Amino acid sequence: MVFGHRRATECERSRPLLSAHVDRRLSPAEENALEAHLATCEACAEHLRALRLTVDLLGQLPHVPVPRSFLLEAPAPVPHRPFLWYYYFRNASGAVAALLVALLAFSYVMQAALPVEMRSAAPRPAAGSTRGAAESSAPVQAEQANEVARPAAPEAPMKAAGERAAASTPSPAAADGGAAPAAPVAAAPPAKPAPAPTAGAAALAAAPASASPETPATAVAAGPTVATAPPSGQLARDRQAEEPAADPAATLPIAARSWPMRELEWGLGVLLGALAVATIILRGKAA
Amino acid sequence: MDEAELIKAGQRGDVSAFNRMVLAYQGLVYNVCYRTLNDAEAAADVTQDTFLSAFQALKGFRGGSFKAWLLRIATNGCYDQLRRNKRRPTTPLDDVVGDAEVATAFADHKPGPEEQALRRELLEYLEQGLTTLPVEQRTVVILSDVHQLSYEEIAEVTGTALGTVKSRLSRGRGHLRDFLLRHRELLPLQRRHDNVR
Numbered sequence: 003m004v005f006g007h008r009r010a011t012e013c014e015r016s017r018p019l020l021s022a023h024v025d026r027r028l029s030p031a032e033e034n035a036l037e038a039h040l041a042t043c044e045a046c047a048e049h050l051r052a053l054r055l056t057v058d059l060l061g062q063l064p065h066v067p068v069p070r071s072f073l074l075e076a077p078a079p080v081p082h083r084p085f086l087w088y089y090y091f092r093n094a095s096g097a098v099a100a101l102l103v104a105l106l107a108f109s110y111v112m113q114a115a116l117p118v119e120m121r122s123a124a125p126r127p128a129a130g131s132t133r134g135a136a137e138s139s140a141p142v143q144a145e146q147a148n149e150v151a152r153p154a155a156p157e158a159p160m161k162a163a164g165e166r167a168a169a170s171t172p173s174p175a176a177a178d179g180g181a182a183p184a185a186p187v188a189a190a191p192p193a194k195p196a197p198a199p200t201a202g203a204a205a206l207a208a209a210p211a212s213a214s215p216e217t218p219a220t221a222v223a224a225g226p227t228v229a230t231a232p233p234s235g236q237l238a239r240d241r242q243a244e245e246p247a248a249d250p251a252a253t254l255p256i257a258a259r260s261w262p263m264r265e266l267e268w269g270l271g272v273l274l275g276a277l278a279v280a281t282i283i284l285r286g287k288a289a
Numbered sequence: 378m379d380e381a382e383l384i385k386a387g388q389r390g391d392v393s394a395f396n397r398m399v400l401a402y403q404g405l406v407y408n409v410c411y412r413t414l415n416d417a418e419a420a421a422d423v424t425q426d427t428f429l430s431a432f433q434a435l436k437g438f439r440g441g442s443f444k445a446w447l448l449r450i451a452t453n454g455c456y457d458q459l460r461r462n463k464r465r466p467t468t469p470l471d472d473v474v475g476d477a478e479v480a481t482a483f484a485d486h487k488p489g490p491e492e493q494a495l496r497r498e499l500l501e502y503l504e505q506g507l508t509t510l511p512v513e514q515r516t517v518v519i520l521s522d523v524h525q526l527s528y529e530e531i532a533e534v535t536g537t538a539l540g541t542v543k544s545r546l547s548r549g550r551g552h553l554r555d556f557l558l559r560h561r562e563l564l565p566l567q568r569r570h571d572n573v574r
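First to last, the protein sequences are chains A and B.
For the first sequence, this note's numbering gives the first residue as 3, with consecutive numbering after it.
For the second sequence, this note's numbering gives the first residue as 378, with consecutive numbering after it.
In short, the hints are calculated from the structure, not lab data.
Honestly, I wouldn't trust all of these hints.
[As the list claims (entries may be wrong)] Below, a list of computed lysine to any residue pairs in the SDA-like style, where the Cα atoms sit at most 20 Å apart:
hint, chain 1, residue 1, chain 2, residue 2
1, B, K444, A, H65
2, A, K287, A, W87
3, B, K385, A, L74
4, B, K444, A, L73
5, B, K385, B, S430
6, B, K436, A, E75
7, B, K436, B, D426
8, B, K444, B, E530
9, B, K444, A, P67
10, B, K444, B, S393
11, B, K436, A, L73
12, B, K463, B, A417
13, B, K385, A, H65
14, B, K444, A, S71
15, B, K444, A, V66
16, B, K385, A, L73
17, B, K436, A, L74
18, B, K444, B, A421
19, B, K385, A, W87
20, B, K444, B, E533
21, B, K436, B, E533
22, B, K444, B, A394
23, B, K444, B, L539
24, B, K444, A, L74
25, B, K444, B, A532
Bear in mind that the values here come from a model prediction, so they are computed numbers and not experimental data.
Hey, can you work out the whole structure from these sequences and the hints?
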């Protein structure tokens, strides 16, 4: 009884090893133990024979021929580089053209915002902001006023007047679209303490009709110009003494002072032309 | 160009280089799929998907056995197919494996007509027995005993430990042995006994 139980235990331990034994994947110790058991156990030896036959038969299963080819198809050829560059240049040309159109439209709007009498003096809007427009239009009026005042006050510091006109342009310029500040600026030039009714008249003539009375500078400069010209001239001399060095840029012509906008437009135009030519060339190559 | 160079070319997107590996492995992959699925049409579909997936994932191949990597994709595809088509009827093997192929398989033994018929019946029975195995055991038995992969390669294909491969193979073979013994009259056991002894 004890002997039979021990044999059954050995069989249970040996059976799972038979598969690895067929493949010779047992350790030497396991091989020896299994061989010893198989020599005495006919049931396990029979089990091993059947297992070998099964493995042998599995190895003889026929190879099934493939029903078709499984080759992959080559993908469509990728478009070459010149064609891609064509798209880049085409899109860039469009972007530059749009930018240029926007810039020109902005320039037109700024030009239209100027009063009619100022358009001839300022052929082009000078800057990209209302403050810039005020700064550029103010010297125009200052120079016009100075031209009128020159006979009466030949030694009048025109440069200083122009500079002050640009520097002292009040903030309401933005609210008035750049036109209103022209009036106080034009009224400033009576630089001599001597009465200068002609300068005041020129200022009144140059002042736009829309000059708002609530503008402090307008009320002081345009309204009581004739009566208060001497104090205003005194103030101008005081300011000149405080600011002896005038900005050289103020002496430049209008067109020269508006160079960033003009240069930008010219630059964009040239760039657009170059891009268009490159796009046309690449288009020809891609085709 | 050896396999490593073909793989590198395939990783650069060279389809023709990859197709040379397809030619080398399509028989193995298709047969593994066919034995696992027991369905010629589904096996062809999974084989095609295997090569497509392999080409797309080739950049992620980090070396090792390309065959094992490919078969892993194939066996996973078979598992997915079995899950999808559990109730789908399978194509009988008779439709695919002709008499000439079975005869070729036993050409070495030069059996007589009666023995040929007996062996053909036995192999058909064995193929039927394969389909009764749990799919994990079936895969291991097919890879080991039909296609002669080593334990290490099978472990790589199935993504399991070596001990798991051994135990699955032992249980699968034991199951098939029991299946064959139910038709003992087909087994030339007496002659086999003589050979073993």
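Status of each hint after checking the structure:
Only pairs whose Cα atoms come within 20 Å are accepted, and K444(B) paired with H65(A) is accepted, the gap being roughly 18 Å. For the hint pairing K287(A) with W87(A), the CA-to-CA distance comes to about 10 Å; that is within 20 Å, so the pair holds. Taking the CA atoms of K385(B) and L74(A), the gap is near 17 Å; set against the 20 Å cutoff, the hint holds. Restraint check: the Cα-Cα separation between K444(B) and L73(A) comes to about 17 Å, which is no more than 20 Å; the hinted pair holds.
Taking the CA atoms of K385(B) and S430(B), the gap is near 16 Å; set against the 20 Å cutoff, the hint holds. For the hint linking K436(B) to E75(A), the alpha-carbon distance of about 18 Å falls within 20 Å, and the restraint holds. A C-alpha spacing of about 17 Å is found between K436(B) and D426(B), which places the hinted pair at or below 20 Å, so the restraint holds. Simply put, K444(B) and E530(B) have alpha-carbon atoms about 9 Å apart, close enough for the 20 Å limit, and the pair holds.
With a C-alpha separation of about 19 Å, the suggested pair K444(B) and P67(A) falls inside the 20 Å cut-off, and the hint holds. For the proposed pair K444(B) and S393(B), the alpha carbon gap of about 18 Å is at most 20 Å, so the pair holds. A C-alpha spacing of about 19 Å is found between K436(B) and L73(A), which places the hinted pair at or below 20 Å, so the restraint holds. A C-alpha spacing of about 15 Å is found between K463(B) and A417(B), which places the hinted pair at or below 20 Å, so the restraint holds.
Distance hint between K385(B) and H65(A) is unfulfilled; the C-alpha atoms sit about 30 Å from each other, more than 20 Å. The hinted pair formed by K444(B) and S71(A) meets the criterion: a straight-line CA distance of about 18 Å does not exceed 20 Å. Straight-line distance between C-alpha atoms of K444(B) and V66(A) comes to about 18 Å, which keeps the hinted pair within the 20 Å bound. For the hint linking K385(B) to L73(A), the alpha-carbon distance of about 18 Å falls within 20 Å, and the restraint holds.
The hinted pair formed by K436(B) and L74(A) meets the criterion: a straight-line CA distance of about 17 Å does not exceed 20 Å. With a C-alpha separation of about 18 Å, the suggested pair K444(B) and A421(B) falls inside the 20 Å cut-off, and the hint holds. A hinted pair counts as satisfied when its Cα atoms are at most 20 Å apart, and K385(B) with W87(A) does not qualify at roughly 30 Å. Annotation: proposed proximity of K444(B) to E533(B) holds, straight-line Cα distance about 10 Å (limit 20 Å).
Between K436(B) and E533(B), the direct Cα distance comes to roughly 19 Å. Compliance with the 20 Å bound is thereby established for this hinted pair. Of the supplied pair hints, the one linking K444(B) and A394(B) holds, its CA atoms being roughly 16 Å apart against a limit of 20 Å. The hinted pair formed by K444(B) and L539(B) meets the criterion: a straight-line CA distance of about 18 Å does not exceed 20 Å. A distance of roughly 18 Å separates the Cα atoms of K444(B) and L74(A); the hinted pair therefore holds under the 20 Å criterion.
For a cut-off of 20 Å, the pair hint linking K444(B) to A532(B) stands: about 13 Å separates their Cα positions.
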